[in-house]
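Trainee: Below are the chains, spelled out letter by letter.
Number of protein chains: 2
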Amino acid sequence: MKVAKFGGSSVASAEQLKKVARIIESDESRRVVVVSAPGKRDDADTKVTDLLIELGQAFQNGEDTTDELNAVLSRFKQIITELDLTDRVLKDIKEDVHKLFTEGGDIDFKLEALKAIGEDSLAKVLSEYLVKVGMDATYLNPKDAGIMLSDEPGSAQILDESFDHIYNIRKRDQIVVIPGFFGYTKEGKLVTFSRGGSDITGSIVAAGVEAELYENFTDVDSVYCVNPQIVHNPKEITSLTYKEMRELSYAGFSVFHAEALIPAFKAEIPVSIKNTNNPNALGTIIVSRKEVRGDPVVGIASDKGFMSLYVSKYLMNREVGFGRRLLNILEDEGISYEHTPSGIDDLSVIIRENQMDEEKEQVVINRINQELNPDTVYTERGLALIMVVGEEMHCHVGTAAKAAQAIGDAGVNIEMINQGSSEVSLMFGIKEAGVKKAVQSLYNAFFE
Amino acid sequence: MKVAKFGGSSVASAEQLKKVARIIESDESRRVVVVSAPGKRDDADTKVTDLLIELGQAFQNGEDTTDELNAVLSRFKQIITELDLTDRVLKDIKEDVHKLFTEGGDIDFKLEALKAIGEDSLAKVLSEYLVKVGMDATYLNPKDAGIMLSDEPGSAQILDESFDHIYNIRKRDQIVVIPGFFGYTKEGKLVTFSRGGSDITGSIVAAGVEAELYENFTDVDSVYCVNPQIVHNPKEITSLTYKEMRELSYAGFSVFHAEALIPAFKAEIPVSIKNTNNPNALGTIIVSRKEVRGDPVVGIASDKGFMSLYVSKYLMNREVGFGRRLLNILEDEGISYEHTPSGIDDLSVIIRENQMDEEKEQVVINRINQELNPDTVYTERGLALIMVVGEEMHCHVGTAAKAAQAIGDAGVNIEMINQGSSEVSLMFGIKEAGVKKAVQSLYNAFFE
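Those sequence lines, one after another, are chains A and B.
Note that numbering that gives the first Met the number 0 gives residue 432 to position 433 of the first sequence, counting from 1, and the numbers run on in steps of one.
Note that numbering that gives the first Met the number 0 gives residue 286 to position 287 of the second sequence, counting from 1, and the numbers run on in steps of one.
Fair warning: there could be bad hints in the mix.
Pairs count within a copy or across copies, as identical chains cannot be separated in the list.
[As the list claims (entries may be wrong)] Lysine-lysine pairs mimicking DSSO-like chemistry, simulated, CA-CA at most 30 Å apart:
(1) K312 with K401
(2) K142 with K265
(3) K312 with K289
(4) K312 with K1
(5) K142 with K90
(6) K142 with K170
(7) K109 with K93
(8) K430 with K289
The hints are simulated quantities; they were obtained by calculation from the structure and are not laboratory data.
On a predicted model such as this, the values are computed, not experimentally measured, just so you know.
Work the whole structure out from these sequences, hints included.
Mentor: Structure below.
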C-alpha cells in the first residue's frame with residue numbers, strides 16, 4: 000500500500016487534477032491519497048489558503064466578507080465546471096462558512112476551521128472526480144481517519160494514539176482521499192498543523208497505515224546533487240538517506256519541511272519525491288538505510304548568512320565548564336547556534352547572522368567579557384557553510400582531502416572544517432565571496 | 000635584563016652547577032637566576048624534593064628521621080665538597096629541620112617548609128659558588144623578592160600586588176639567585192606552588208622585573224617539530240608562539256608546565272628553551288606574536304587515549320539547548336571534554352578515555368537516553384588526535400587539503416576533523432593504530 004500526497008501546485012486546477020487522477024489510476028497500490036489546498040496556477044495567482052486567511056481577517060475585523068468568499072468559491076467553481084462535477088462542494092463551503100460566521104465559539108477556532116476549507120473541499124472534489132472517471136474512491140474526513148491532534152491551534156502535534164486508528168484505513172476497499180493540514184482535538188475541535196502541514200498529514204498517514212512507500216508529488220523531477228543556480232544542469236540524486244537529506248536541507252536544499260518527515264522517519268518508511276507533471280521521471284527516493292552505492296558523496300549544499308563568535312583564553316581547556324557557560328549565555332540571550340569548533344584555548348561558535356544583530360552582539364560580547372574573562376573575543380560576519388554529504392564518506396579514505404583540495408584549487412581559503420564522527424557530512428566554512436567558485440570546484444571533483 | 004631559570008637536571012650536581020655558572024657569566028644581562036632543587040643525576044637517582052617529602056612523612060608518622068635527613072644532607076655535602084664551598088648550607092638545613100620538628104605549628108605548613116628546603120639550599124649554594132668564581136651575586140629569599148602567595152598549601156597562587164615588589168629587583172646591582180617553587184602568605188607562612196613550580200617562580204619573576212627574555216634552561220636542545228619517537232631525527236623548532244605551544248602541548252609536547260607560563264604570557268615576555276649541557280645550541284623561543292615565517296605548519300603533535308561519545312537525534316538542530324544539556328550531563332558527572340564536532344542532527348563529544356571508565360559510561364549513556372531522548376547514542380574508544388599546528392595556516396590556501404591528503408596517502412581514514420576559526424591548528428581524529436603512519440606522512444609532507 001502506497002500513500003500519495005499531492006501538493007498545492009499538483010491540485011491547482013482541473014487540468015492538474017486530471018493528471019492526479021491518471022497517476023492514482025496507474026498504480027493500484029496507491030490506495031490512500033492526501034491533498035493540499037489548490038495552490039498558485041501561475042506566479043500572479045493566490046493560493047486558496049491565503050484567500051481563506053483573508054476571508055477570516057475580514058470576518059474578524061467585522062468587515063463585509065462577500066468578495067473574499069466569492070474569491071474562494073470562484074476557484075472551486077472553475078475546477079468543478081471544467082471537471083464537469085456537481086456543485087455540492089460550493090454548497091458545503093457556503094454552509095460551513097455561514098455556520099462559522101453565525102454560531103457561537105472561540106474566534107481562534109473559527110479561523111482554524113476557515114483555513115482548513117481549502118484542503119477539505121479539494122479532497123471532496125478529487126474523490127468525486129475519481130468516482131466519475133471510474134475509480135472506487137471516497138472522501139475521508141481526518142476525524143474519521145483518526146487524526147487526533149493536541150490542542151495547539153496553528154501548530155498542533157499528532158497524538159500517539161492516532162496511529163492505531165489510522166491503521167484501520169488499511170481495511171477499506173476504496174481509495175480514500177484525505178484532506179491534509181488539519182485534524183481534531185479529543186474534544187472534537189478542528190486544529191491545523193503549521194503552514195505546509197499537508198506534508199505532515201501525508202507522513203502521519205503513511206506511518207499509520209504502515210505504507211510500503213510515501214509518495215510526495217510536487218513539481219520537480221527530483222532533488223539535484225547541487226544547487227542548480229550555482230552549477231549549470233547538475234546531476235540528479237536518485238536515492239538518499241534521511242540523514243543525508245537532513246544534512247543537505249541544512250544549507251540550501253528545501254524540498255521538504257523537515258519536521259513533516261518525522262513520523263515517516265520513525266516508521267522507516269521510504270519517501271519518494273515525484274513530479275505530477277512528469278510522473279515517469281525516476282524521482283528521488285529517501286530511505287532509512289541505503290545499499291552500498293560506491294560513491295562517497297551524494298550531494299553538496301551551501302548557504303550564506305553565517306557568522307562566527309571567536310573566544311580565546313589561555314588554558315581554556317583546563318577551565319571546567321567554559322564551553323557550557325558560553326553556550327548558556329547564548330541560550331539566555333535567545334540565540335541558537337549551529338556548530339562549535341574548538342582548539343585548545345579557543346572556541347568558535349557558528350551562528351546564523353539573523354540570530355544576532357549588532358546590538359545583541361554587543362550584549363553578548365559584554366557578558367562574555369564579564370562572566371568568562373577571556374583573552375580575546377570577536378565576531379566575523381559574512382561566512383558561508385558548504386556541506387559535502389554522503390553516508391559512505393566514512394569508508395572512503397581521502398574524501399576529506401579531495402574536498403579540501405577542490406576548495407583550495409578554486410583559490411578559496413578554508414576558515415573552518417567540522418567533521419563529526421558520524422561522517423555523514425563534512426562542513427567547510429569559507430567567506431561568502433568564495434561560495435560559487437568553491438561549490439563548482441567541489442561538483443567537478445565529485446560528480447564530473 | 001634576562002631571567003634565567005635552571006631546572007632540576009641543570010643543578011643536580013657540582014659538575015652541572017659549574018656549567019650553570021659559566022652560562023650566567025657569559026651574558027651580563029643574566030641578572031636574575033631562579034633555581035629548582037637538585038634533580039636526578041641518573042635514572043636510578045632520587046630528586047632532592049622527593050627525599051624531603053620522605054623526610055616529612057617519617058616525621059608525620061612519628062618515625063625516626065635520621066636516615067631521611069642524612070640522604071638530603073649527603074646530596075648537598077657532595078655538591079659543596081666538589082665545589083669547595085663552606086658547609087654553611089648543611090648547618091642551615093639541620094637548623095631549619097630541627098626548628099620545624101620541635102617548634103609548634105600546623106603540620107601542613109611544616110611539610111610545606113620541608114619540601115621547599117631543596118630549592119632554598121640550592122640557591123644558597125649557587126650564589127656562594129658564583130661569588131667564589133668572581134661574580135657579584137647574592138641569595139635572595141622569596142619573601143625579600145616580594146613573592147606573596149595565596150594561603151593554599153601545595154597549590155598557592157601569586158597575589159597581584161607581588162609584581163610591584165618584584166619589580167624592585169631591577170634596582171639591585173648584584174646577580175640575584177632566587178629559589179623557585181615557594182613564596183609566603185601575607186601572614187608570613189611559607190607555601191609552595193604545585194609540583195614543578197620552579198617554572199612558575201621563573202615566569203612570575205620574569206613578568207615582575209619586565210625581563211626582555213625568560214630563559215628556561217633544561218636538558219634538551221630545543222623543541223622538535225614532531226615526536227622523535229615517531230619520526231627519526233626530526234627538525235627542531237626555532238621559534239613558536241604561545242598559542243602554537245599550547246596547541247602542541249595538548250598532544251605529546253610536554254616541555255612546559257603550561258600554567259607556569261601564564262605570568263610571562265600575560266606580560267608578553269618571550270621564553271627561550273635552552274640546554275644547560277649545550278648552551279650554544281639555538282634553542283627554541285616562544286613569543287607572543289611571531290614575524291611572518293613563510294611556513295604554514297610549525298609542528299605536529301599526536302596523542303592517544305581519546306574516545307568519542309556520539310549522539311544523534313532527528314531535528315536535533317531545532318531543539319534549543321540540546322548541546323548545552325548534553326554538556327551539562329557530562330559536567331554533572333565530573334567529565335571534562337575536549338571537542339564537540341557536530342553535524343545537523345548529530346553531535347560527538349571527544350573525551351580523554353581516562354575521564355570515563357565503562358561504569359561511568361553506562362551512567363552517562365543512561366542519563367542521555369532518559370533526559371535527551373536521542374535516536375542513537377554510542378561511544379567509540381581507541382581514538383588518537385593529531386594536531387597540525389601553525390599560526391600562518393590561515394594565510395595559506397590548501398594547508399588543510401595537504402594535511403588530509405598526507406593522512407589519506409598513509410592509508411589512514413580520518414574519523415573527525417576540527418578546525419576552529421582561529422586556524423592555529425587543524426585537528427584530525429583517527430584510530431590509534433594509524434598514528435605512526437599518519438604522523439610520519441604529515442612530517443614528510445610539511446617538513447621534508
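Trainee: Any hints this thing doesn't respect? Which numbers, in order?
Mentor: none
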